[in-house]
Amino acid sequence: MRKLENSELDRKSIEDFKKSDKTPLILVLDDIRSLHNIGSVFRTADAFLIEKIILCGITATPPNKEIHKTALGATETVAWEHHENVLEVIENLKKENVLTLAIEQVESAIFLQDFKVEKNQKYALVFGNEVYGVSQEAVAICDGCIEIPQLGTKHSLNISVSAGIVVWDLFQKLNF
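For the sequence shown, the UniProt record's numbering begins at 1 and goes up steadily by one.
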(Lines of atoms letter the chains of each structure in order from A and count residues from 1; the text may use other names and numbers.)
(Lines give C-alpha, C1' and ligand atoms only; values in the text may rest on other atoms or scores of the structure.)
Protein backbone atom coordinates (compact mmCIF):
# COMPACT_ATOMS: atom_id res chain seq x y z
CA MET A 1 0.00 0.00 0.00
CA ARG A 2 1.04 3.54 -0.74
CA LYS A 3 -0.42 6.63 0.86
CA LEU A 4 -2.06 8.84 -1.79
CA GLU A 5 -0.81 12.34 -2.46
CA ASN A 6 -3.32 15.20 -2.19
CA SER A 7 -3.07 15.67 -5.96
CA GLU A 8 -4.35 12.10 -6.46
CA LEU A 9 -7.51 12.55 -4.37
CA ASP A 10 -9.59 14.18 -7.12
CA ARG A 11 -11.08 16.81 -4.80
CA LYS A 12 -13.75 19.20 -6.03
CA SER A 13 -13.05 22.86 -6.57
CA ILE A 14 -15.15 25.35 -4.62
CA GLU A 15 -17.16 26.02 -7.78
CA ASP A 16 -17.70 22.30 -8.43
CA PHE A 17 -18.75 21.77 -4.82
CA LYS A 18 -21.35 24.53 -5.06
CA LYS A 19 -22.74 23.05 -8.31
CA SER A 20 -22.88 19.48 -6.97
CA ASP A 21 -26.07 17.71 -5.97
CA LYS A 22 -26.22 17.85 -2.20
CA THR A 23 -27.04 15.28 0.42
CA PRO A 24 -30.56 16.19 1.66
CA LEU A 25 -29.38 17.03 5.17
CA ILE A 26 -29.48 20.37 6.97
CA LEU A 27 -27.49 20.71 10.17
CA VAL A 28 -28.92 23.03 12.81
CA LEU A 29 -26.43 24.11 15.48
CA ASP A 30 -28.05 25.80 18.47
CA ASP A 31 -26.04 27.76 21.02
CA ILE A 32 -22.73 26.04 20.27
CA ARG A 33 -20.02 27.75 22.31
CA SER A 34 -16.87 26.18 20.89
CA LEU A 35 -15.57 27.75 17.70
CA HIS A 36 -13.57 24.58 17.07
CA ASN A 37 -16.75 22.47 17.24
CA ILE A 38 -18.40 24.79 14.72
CA GLY A 39 -15.42 24.51 12.38
CA SER A 40 -15.35 20.73 12.71
CA VAL A 41 -19.02 20.50 11.77
CA PHE A 42 -18.35 22.64 8.69
CA ARG A 43 -15.56 20.27 7.69
CA THR A 44 -17.81 17.23 8.13
CA ALA A 45 -20.55 18.97 6.13
CA ASP A 46 -18.09 19.58 3.31
CA ALA A 47 -16.91 15.96 3.31
CA PHE A 48 -20.45 14.63 2.83
CA LEU A 49 -21.86 17.38 0.54
CA ILE A 50 -24.39 18.54 3.14
CA GLU A 51 -26.99 20.99 1.84
CA LYS A 52 -26.43 23.67 4.49
CA ILE A 53 -25.78 24.53 8.09
CA ILE A 54 -28.07 26.79 10.10
CA LEU A 55 -26.32 28.48 13.01
CA CYS A 56 -28.63 29.61 15.82
CA GLY A 57 -28.46 31.67 18.99
CA ILE A 58 -24.95 32.32 20.33
CA THR A 59 -23.33 30.04 17.72
CA ALA A 60 -20.57 32.09 16.09
CA THR A 61 -20.50 32.64 12.34
CA PRO A 62 -17.76 32.77 9.71
CA PRO A 63 -15.54 34.49 8.95
CA ASN A 64 -13.73 33.71 12.17
CA LYS A 65 -10.10 32.61 12.48
CA GLU A 66 -10.89 30.12 15.27
CA ILE A 67 -13.65 28.48 13.19
CA HIS A 68 -11.27 28.45 10.22
CA LYS A 69 -8.62 26.50 12.20
CA THR A 70 -10.79 23.38 12.13
CA ALA A 71 -12.98 24.12 9.10
CA LEU A 72 -9.92 24.43 6.83
CA GLY A 73 -11.86 26.33 4.16
CA ALA A 74 -15.17 24.48 4.46
CA THR A 75 -16.88 27.76 5.36
CA GLU A 76 -16.24 28.74 1.73
CA THR A 77 -17.98 25.67 0.32
CA VAL A 78 -20.84 24.77 2.66
CA ALA A 79 -23.87 27.08 2.53
CA TRP A 80 -24.79 28.52 5.91
CA GLU A 81 -27.08 31.05 7.52
CA HIS A 82 -27.63 32.44 10.99
CA HIS A 83 -30.90 32.87 12.88
CA GLU A 84 -31.42 33.94 16.47
CA ASN A 85 -34.27 31.60 17.34
CA VAL A 86 -33.93 27.84 16.84
CA LEU A 87 -37.66 27.31 17.46
CA GLU A 88 -38.55 29.55 14.50
CA VAL A 89 -35.98 27.70 12.37
CA ILE A 90 -37.50 24.32 13.25
CA GLU A 91 -41.05 25.56 12.57
CA ASN A 92 -39.99 27.01 9.19
CA LEU A 93 -38.22 23.80 8.19
CA LYS A 94 -41.31 21.78 9.08
CA LYS A 95 -43.44 24.10 6.89
CA GLU A 96 -41.04 23.22 4.04
CA ASN A 97 -41.70 19.49 4.68
CA VAL A 98 -38.22 18.95 6.12
CA LEU A 99 -38.27 16.21 8.78
CA THR A 100 -36.70 17.72 11.91
CA LEU A 101 -34.81 15.42 14.25
CA ALA A 102 -33.16 16.41 17.52
CA ILE A 103 -29.98 14.48 18.28
CA GLU A 104 -30.58 13.97 21.97
CA GLN A 105 -31.26 11.45 24.71
CA VAL A 106 -35.01 11.56 25.30
CA GLU A 107 -37.89 9.23 26.04
CA SER A 108 -38.88 7.30 22.93
CA ALA A 109 -35.79 8.32 20.97
CA ILE A 110 -34.91 6.08 18.04
CA PHE A 111 -31.43 4.61 18.31
CA LEU A 112 -29.33 5.68 15.35
CA GLN A 113 -28.82 2.15 14.05
CA ASP A 114 -32.61 1.65 13.97
CA PHE A 115 -33.42 4.90 12.15
CA LYS A 116 -34.68 4.28 8.62
CA VAL A 117 -34.33 6.97 5.96
CA GLU A 118 -36.77 7.69 3.18
CA LYS A 119 -35.00 8.33 -0.11
CA ASN A 120 -37.05 11.38 -1.15
CA GLN A 121 -37.12 13.05 2.27
CA LYS A 122 -35.02 16.01 3.39
CA TYR A 123 -33.83 15.93 7.01
CA ALA A 124 -32.74 18.59 9.49
CA LEU A 125 -30.57 17.40 12.36
CA VAL A 126 -30.68 19.63 15.44
CA PHE A 127 -27.59 19.65 17.66
CA GLY A 128 -27.54 21.56 20.94
CA ASN A 129 -25.24 23.27 23.38
CA GLU A 130 -22.18 21.41 24.67
CA VAL A 131 -23.45 21.45 28.27
CA TYR A 132 -27.25 21.50 28.00
CA GLY A 133 -27.86 19.70 24.70
CA VAL A 134 -30.93 20.41 22.59
CA SER A 135 -33.40 22.50 24.60
CA GLN A 136 -36.60 20.85 25.80
CA GLU A 137 -38.59 23.43 23.80
CA ALA A 138 -36.78 22.44 20.59
CA VAL A 139 -37.12 18.71 21.34
CA ALA A 140 -40.86 19.19 21.87
CA ILE A 141 -41.46 20.64 18.40
CA CYS A 142 -39.13 18.36 16.43
CA ASP A 143 -40.66 15.50 14.44
CA GLY A 144 -38.55 13.01 16.35
CA CYS A 145 -35.29 12.32 18.14
CA ILE A 146 -32.31 10.16 17.35
CA GLU A 147 -30.01 8.88 20.07
CA ILE A 148 -26.49 7.59 19.60
CA PRO A 149 -26.16 4.49 21.79
CA GLN A 150 -23.35 4.75 24.32
CA LEU A 151 -22.09 1.96 26.57
CA GLY A 152 -19.40 3.61 28.68
CA THR A 153 -19.45 5.74 31.82
CA LYS A 154 -20.00 9.07 30.06
CA HIS A 155 -23.47 10.13 28.98
CA SER A 156 -22.59 12.40 26.09
CA LEU A 157 -20.28 12.92 23.14
CA ASN A 158 -18.67 16.10 21.87
CA ILE A 159 -21.06 17.86 19.47
CA SER A 160 -18.64 17.65 16.55
CA VAL A 161 -18.19 13.91 17.17
CA SER A 162 -21.97 13.43 17.39
CA ALA A 163 -22.43 15.33 14.15
CA GLY A 164 -19.81 13.20 12.41
CA ILE A 165 -21.38 9.95 13.58
CA VAL A 166 -24.96 10.89 12.67
CA VAL A 167 -24.08 12.55 9.35
CA TRP A 168 -22.03 9.53 8.24
CA ASP A 169 -24.79 7.12 9.24
CA LEU A 170 -27.53 9.00 7.38
CA PHE A 171 -25.24 9.73 4.42
CA GLN A 172 -24.48 6.06 3.90
CA LYS A 173 -28.13 5.07 4.39
CA LEU A 174 -29.18 7.65 1.79
CA ASN A 175 -26.45 6.82 -0.73
CA PHE A 176 -25.52 3.18 -0.40
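Derived by calculation from the structure, the hints in this document are not laboratory data. Treat the numbers as computed from the prediction; the structure is a model and nothing was measured. Any given hint might turn out to be false.
[Said to hold, decoys possible] Straight line, CA to CA, 30 Å or less: simulated DSS-like cross-link-like pairs of lysine-lysine:
#, residue 1, residue 2
1, 95, 116
2, 22, 12
3, 154, 12
4, 65, 95
5, 116, 69
6, 94, 122
7, 22, 3
8, 18, 69
9, 95, 122
10, 3, 94
11, 3, 122
12, 65, 173
13, 154, 173
14, 18, 52
15, 3, 173
16, 94, 69
17, 69, 52
18, 122, 12
19, 119, 69
20, 154, 19
21, 69, 95
22, 119, 154
23, 3, 119
24, 19, 116
25, 18, 154
26, 22, 95
27, 94, 173
28, 3, 18
29, 119, 65
30, 22, 65
31, 65, 19
32, 94, 19
33, 116, 65
34, 95, 18
35, 94, 18
36, 18, 119
37, 22, 94
38, 65, 94
### Task
Could you work out which earlier hints the structure fails to respect and list their numbers in ascending sequence?
When the structure is compared with the hints, numbers 3, 4, 5, 10, 11, 12, 16, 19, 20, 21, 22, 23, 25, 29, 33 and 38 turn out to be violated.
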